[in-house]
Amino acid sequence: GAGVSQTPSNKVTEKGKYVELRCDPISGHTALYWYRQSLGQGPEFLIYFQGTGAADDSGLPNDRFFAVRPEGSVSTLKIQRTERGDSAVYLCASSLRLAGYNEQFFGPGTRLTVL
Amino acid sequence: QQQVKQSPQSLIVQKGGISIINCAYENTAFDYFPWYQQFPGKGPALLIAIRPDVSEKKEGRFTISFNKSAKQFSLHIMDSQPGDSATYFCAAKQRALTFGSGTRLQVQP
Numbered sequence: 004g005a006g007v008s009q010t011p012s013n014k015v016t017e018k019g020k021y022v023e024l025r026c027d028p029i030s031g032h033t034a035l036y037w038y039r040q041s042l043g044q045g046p047e048f049l050i051y052f053q054g055t056g057a058a059d060d061s062g063l064p065n066d067r068f069f070a071v072r073p074e075g076s077v078s079t080l081k082i083q084r085t086e087r088g089d090s091a092v093y094l095c096a097s098s099l100r101l102a103g104y105n106e107q108f109f110g111p112g113t114r115l116t117v118l
Numbered sequence: 063q064q065q066v067k068q069s070p071q072s073l074i075v076q077k078g079g080i081s082i083i084n085c086a087y088e089n090t091a092f093d094y095f096p097w098y099q100q101f102p103g104k105g106p107a108l109l110i111a112i113r114p115d116v117s118e119k120k121e122g123r124f125t126i127s128f129n130k131s132a133k134q135f136s137l138h139i140m141d142s143q144p145g146d147s148a149t150y151f152c153a154a155k156q157r158a159l160t161f162g163s164g165t166r167l168q169v170q171p
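Respectively, the protein sequence lines represent chains U and W. FYI, this note's numbering numbers position 52 of the first sequence as 55, with every residue one higher than the one before it. FYI, this note's numbering numbers position 33 of the second sequence as 95, with every residue one higher than the one before it.
FYI, nobody ran anything at the bench for these hints, they're computed from the structure. Among the hints, erroneous ones may be present.
Computed cross-link-like contacts, EDC-like style, restricted to lysine to aspartate or glutamate with a CA-CA straight-line distance of at most 20 Å [to be verified]:
# : chain 1 : residue 1 : chain 2 : residue 2
1 : W       : K104      : U       : D60
2 : W       : K155      : U       : D60
3 : U       : K18       : U       : E106
Just a few of them, taken from the derived set where beta-carbon distance is under 8 Å, the chain W residues facing chain U [as the list claims (entries may be wrong)]:
#  : residue
4  : P70
5  : F92
6  : Y94
7  : Q99
8  : P102
9  : G105
10 : L109
11 : R113
12 : P114
13 : K120
14 : G122
15 : R123
16 : F151
17 : A158
18 : L159
Beta carbons: idealized from backbone N, C-alpha and C, even for Gly.
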């Protein structure tokens, strides 16, 4: 079966531009997570969804970052007025449910480079 | 505040040797402790995980030891192979995962 997919795999943009990163979770997974991984570091939590609602967005660094999951499946992470410090790999993961000992399956990530 | 501390940052082991990576956590609300393996250009993949009511879990060459009172857990890779060369992350879960900073393992043939 298909795993978590993310598009694009690479995105190069200029400082100040707007970007959207897409995540397609595993079919049937109700929980979806976004993480950001800087070079040489572990992934850092940004936001997670249970169904359509953002259950916890406390990891979003500031109000330039926003994520949606309108139909409880595909999610889009949106970054406004990008800054060079936003350059990182953005990882998406999904799990069967939010609670309990459910494995989080990660996608390959989108590498964002802000020039 | 770094809630999960991981060491060492890098590790070189000879083929057939034992690789040991250690992690410590602070938040007692964590209820699940997975280890992830990551190859360059790929997302992390679950290797093995443990619940806090268990002190040890073994799957093949991989073993997690868990010390709840000390708030520490470790990964042991027995008979390390060159194919094990990757970056390993410990993590702790409350709802989302909190990751350690990673250990880059190199197994020399």
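Is K18(U) within 20 Å of E106(U), Cα to Cα? Distance of about 36 Å is beyond 20 Å: violated.
Would the stated hint for F92(W) survive a check requiring a Cβ distance to chain U of less than 8 Å? violated, 12 Å
Holds or violated: the hint that F151(W) contacts chain U, with Cβ atoms closer than 8 Å. Holds. Min distance 5 Å.
Interface hint status, Y94(W) versus chain U (Cβ within 8 Å): This hint holds: Y94(W) lies near chain U, its Cβ roughly 5 Å from the closest one there, short of 8 Å.
Min Cβ distance, P102(W) to chain U: is it shorter than 8 Å? violated, 11 Å
May I ask you to test the interface hint for P114(W) with respect to chain U, counting a Cβ-Cβ separation under 8 Å as satisfied? Hint on P114(W): violated, closest Cβ of chain U at ~11 Å, above 8 Å.
Proposed interface contact between Q99(W) and chain U, which counts if any beta carbon pair is under 8 Å: It is violated, given that the least Cβ distance between Q99(W) and chain U is near 11 Å, above 8 Å.
Can G105(W) be said to touch chain U, with a Cβ gap under 8 Å? Cβ of G105(W) sits 3 Å from chain U, so the hint holds.
Closest C-beta approach of P70(W) to chain U relative to 8 Å, hint status: violated, 14 Å
K120(W) was flagged as interface toward chain U. Is the shortest Cβ-Cβ separation under 8 Å? Cβ of K120(W) sits 17 Å from chain U, so the hint is violated.
Restraint check for K104(W) with D60(U), where alpha carbons must lie at most 20 Å apart: The given pair, whose Cα atoms are some 25 Å apart, is violated under the 20 Å limit.
Evaluation of the interface hint that places A158(W) against chain U, nearest CB under 8 Å: With Cβ-Cβ at 4 Å, under 8 Å, it holds.
This entry does not satisfy hints 1, 3, 4, 5, 7, 8, 10, 12, 13, 14 and 15, going by the numbered hints stated previously.
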